[in-house]
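For this one, chain B is given, so just place chain S on it according to the hints.
One-letter residues, chain by chain:
2 protein chains.
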Amino acid sequence: MERAWIISIGTELALGQTIDTNGGWLARQLAALGIRAERHVTVPDHTGAIRDVFVEAAAKGDVVLASGGLGPTEDDLTRHALADAAGVELELHEASLERLRAFFVARGRRMPETNRVQAMIPCGGRAIQNGCGTAPGLHIVLRGTPCYVTPGVPFEMRAMFSRDVAPALAAAGRGQVLLSRRLGTYGLGESNVNEQIADLMGKGQNPGVGTSVSFGVVSIRLNAWAEGRAEAEASLDDAEAEIRRRLGDIVFGRDDETLPGVVGRLLAQRGETVSTAESCTGGLIGALLTDVPGSSQYFLGGAVTYSNEAKTRLLGVSQDVLEARGAVSESVAQAMAEGVSRRLGSDYALSVTGVAGPAGGTSTKPVGLVYIGLSSSTGTVVEPWLFGEDSPREVIRHRAAYTALNMLRRRLGGSASEGSVGK
Amino acid sequence: MERAWIISIGTELALGQTIDTNGGWLARQLAALGIRAERHVTVPDHTGAIRDVFVEAAAKGDVVLASGGLGPTEDDLTRHALADAAGVELELHEASLERLRAFFVARGRRMPETNRVQAMIPCGGRAIQNGCGTAPGLHIVLRGTPCYVTPGVPFEMRAMFSRDVAPALAAAGRGQVLLSRRLGTYGLGESNVNEQIADLMGKGQNPGVGTSVSFGVVSIRLNAWAEGRAEAEASLDDAEAEIRRRLGDIVFGRDDETLPGVVGRLLAQRGETVSTAESCTGGLIGALLTDVPGSSQYFLGGAVTYSNEAKTRLLGVSQDVLEARGAVSESVAQAMAEGVSRRLGSDYALSVTGVAGPAGGTSTKPVGLVYIGLSSSTGTVVEPWLFGEDSPREVIRHRAAYTALNMLRRRLGGSASEGSVGK
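Quick mapping for you: the protein sequence lines, in order, are chains B and S.
Here the working numbering is used: position 380 in the first sequence is 380, and no number is missing along the way.
Here the working numbering is used: position 298 in the second sequence is 298, and no number is missing along the way.
So that you can see chain B by itself, here it is in the shape it has in the complex (with noise of 0.2 Å):
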């Protein structure tokens, strides 16, 4: 099994009107079982739409998942297209309808009547069960291929294809195997990560290295081709290391990790708690933190000061202070940095001011200008950075965040890897 079909089911996407990140996703999950995605096929929802590109795909491919057009509305058509696909009726099943209704129970609501077609299977499959959500999973064999079929939801999608499809798929598998890993790295531009590492992003080159941006973070991403996973992780290693030697401490973490997340660990494995202070972030960085699960453990509250008054009445910011010096200023955001953190008793204490635009800038404080300060034992760092004054408000906002919990972590002891932790 080495050549899987995906197809991604839904009106709005083949209009253009929702980005499909589920086909991305699967592509990934597959390359790192040794499967690859061969085509990707995007169709709306119409019945003989649906049911051609099953056809095909089951006739080229070793292997098909598709998503969407599972929900209980007129307009989820993919049960009925796939059963048409396979020459057979859709049959109840009595299992998946208890569970239909359980769902409902559970919420307190009775079932609609609409839901029951959720229930229904083309005769010969079976059903994959959603944890999630309400719309079962499909499975059936057409033509001699195995075809998986999840709802469009991206997180019922993720779920059921890990406990039940990727199982299956790795039993079979026999291709070479794709492994990737990313390093995510803040701190430089992406043209100056790229010059530090241009002699390993050559074409051809296995593990094959390449950059992408999103808000400030530079991502590094790794694809080793290999045998098997022992090889393709070893290879992966041995680049890192690499890519770690020369860009030092400006990269936080491997994979998912998420600068929250990094920051959280190492306040975590120190025992020590943060505050947060913020203007024009408005609550972002502490939104940020506590998605983090556990995040109770280190992150104590904060103070979300829009208005000169906020910053007064809950953080005892002088009113001689914003007047002289403005609330965008080094000496306000210091003084909101300490004073959250003489609030709450916290460890560390992050502080932001800045002007987020679009409007709102002047000569002195232009758009992007924002004070980001840091207070701790030791004392109050206050650092002023210009983010752009054509940037989106929203970027802006994300830079001032990142690079605030940026802060935190080189303070905290700097990279993810295991090496540099406390060195």
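Everything labelled a hint here was simulated from the structure, so no lab data went into it.
Be aware that one or more of the hints could be misleading.
[Said to hold, decoys possible] From chain S, some residues computed to sit far from chain B (all C-beta separations above 10 Å):
hint : residue
1    : 99
2    : 104
3    : 108
4    : 131
5    : 237
6    : 281
7    : 289
8    : 323
9    : 363
10   : 397
[What the hints assert, rightly or not] Listed below are several chain S residues computed to face chain B (Cβ distance under 8 Å; list not exhaustive):
hint : residue
11   : 49
12   : 212
13   : 282
14   : 309
C-beta atoms are modelled at their ideal positions from N, C-alpha and C, and glycine is treated no differently.
Quick look at chain S alone, frame taken from chain B:
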């Protein structure tokens, strides 16, 4: 010319390492020209795979739009594959070669010999000029079907499509125009929304009506096909009015309007202010509110009180209540909202305290239990919500934040339709 096939070419796309945005963009442009994207196919940089999909697309579609694989490197194979599909040779296009050389001269560089291949086009084809990069595009009629191929770099592709391809398609197009509209709703599940508009969602209706859901926001998408824009707009207006009549004030906005944006607009119209007291959402409501430009007009700030001590120190929640009722309780939600409102003097205050999980749930206070408070001059209302024990932390947090914003929206006068505001 009514049915288009869209082809995206690139191994990084097929492997899911880069998310394709070209396909969606092209589908939207085509729809506005009266051409439907019938199928969207992604294939890796492999001559046979690319050739096969061109042959299939030319046989089944009325027009083919492709992007990617026109670079100067060895894995850029689209022009060879297209010549294969047409059964012709590649030939040097002198004018394109001149343009290529001039491109490099203008940048003070000599053209690398490898770039010469970019001036090769299939016999019988035409070069499409590229104003922004090196690779010209290709236009060829394959078995009677016009095929347009551009580089994969989005801004090059978009410029070439708009300047060269769109005018040709507009002249040839004879299909109907598609205009789309989205209505955002909050407060009912997708199945319940569907039940109320099921008769509008039938297959083949015009406008077509479909729904999708993200973090509890159920979006209703209307697609109207018509001979002209005015007619399409009128039919969208009629459908929107009917849906609003049925769903009432769960409809919060249209097209790009967001729940935080609508709340902001209503507050600004009334000259009123809001503050926030967030526990399990950790600053997310503040971050959502301040994502809207101009939010300083109505958002004063708030407290992120993740720990019990923060609830006491920043908001004055009594330790007795915290001990007697627990942090996740109606009493604490009420004290949080009233505490922040008193401190900041806002007209409204929202509070959230709950169990976001995955750990921390108990039999009486399970994961997903969230108390949401809304305080105003007329008193404080607290609602208990249960967002689903199996839902990921991210979903519970977003649903809690949106539910809080929606409570405030309904309080402020509800729906975003011109007609219903203030009624």
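- Query: Are residue 282(S) and chain B close enough, Cβ to Cβ, to be under 8 Å, as the hint says?
  - Reply: Interface hint status for residue 282(S): holds (3 Å vs cutoff 8 Å).
- Since residue 104(S) was said not to touch the interface, does its Cβ keep a gap of more than 10 Å from each Cβ of chain B? Holds, because the least Cβ-Cβ distance between residue 104(S) and chain B comes to about 20 Å, which exceeds 10 Å.
- Under 8 Å, Cβ to Cβ, is where residue 212(S) needs to be relative to chain B, so tell me if that hint holds or is violated. 6 Å, holds
- Beyond 10 Å from chain B, beta-carbon-wise, is residue 363(S)? 14 Å, holds
- Find the nearest Cβ of chain B to the Cβ of residue 99(S) and say whether that gap is larger than 10 Å. The claim stands: residue 99(S) keeps its Cβ more than 10 Å from every Cβ of chain B (closest is about 25 Å).
- Item | 10 Å cut-off, C-beta based - residue 131(S) kept clear of every residue in chain B | Nearest chain B Cβ is 22 Å from residue 131(S), so the label holds.
- Item | Non-interface claim for residue 237(S) versus chain B (Cβ beyond 10 Å) | Residue 237(S) is indeed farther than 10 Å from all Cβ atoms of chain B, at 19 Å.
- Does the claim that residue 108(S) lies outside the interface with chain B hold up, using a Cβ gap greater than 10 Å? Consistent with the label, residue 108(S) stays out of reach of chain B, its closest Cβ about 19 Å off (over 10 Å).
- Query: Against chain B, does residue 323(S) keep a CB gap of more than 10 Å to every residue?
  - Reply: Non-interface label on residue 323(S) holds, nearest chain B Cβ at 17 Å vs cutoff 10 Å.
- Least C-beta distance from residue 281(S) to chain B larger than 10 Å: Contrary to the label, residue 281(S) does not stay out of reach of chain B, its closest Cβ about 7 Å off (not over 10 Å).
- Item | Claimed clearance of chain B by residue 289(S), with the beta carbon kept past 10 Å | Violated, since 7 Å does not exceed 10 Å.
- Can we keep the residue 309(S) interface hint, with Cβ of chain B closer than 8 Å? 7 Å, holds
Violated hints for the displayed structure, listed by number in ascending order: 6, 7 and 10.
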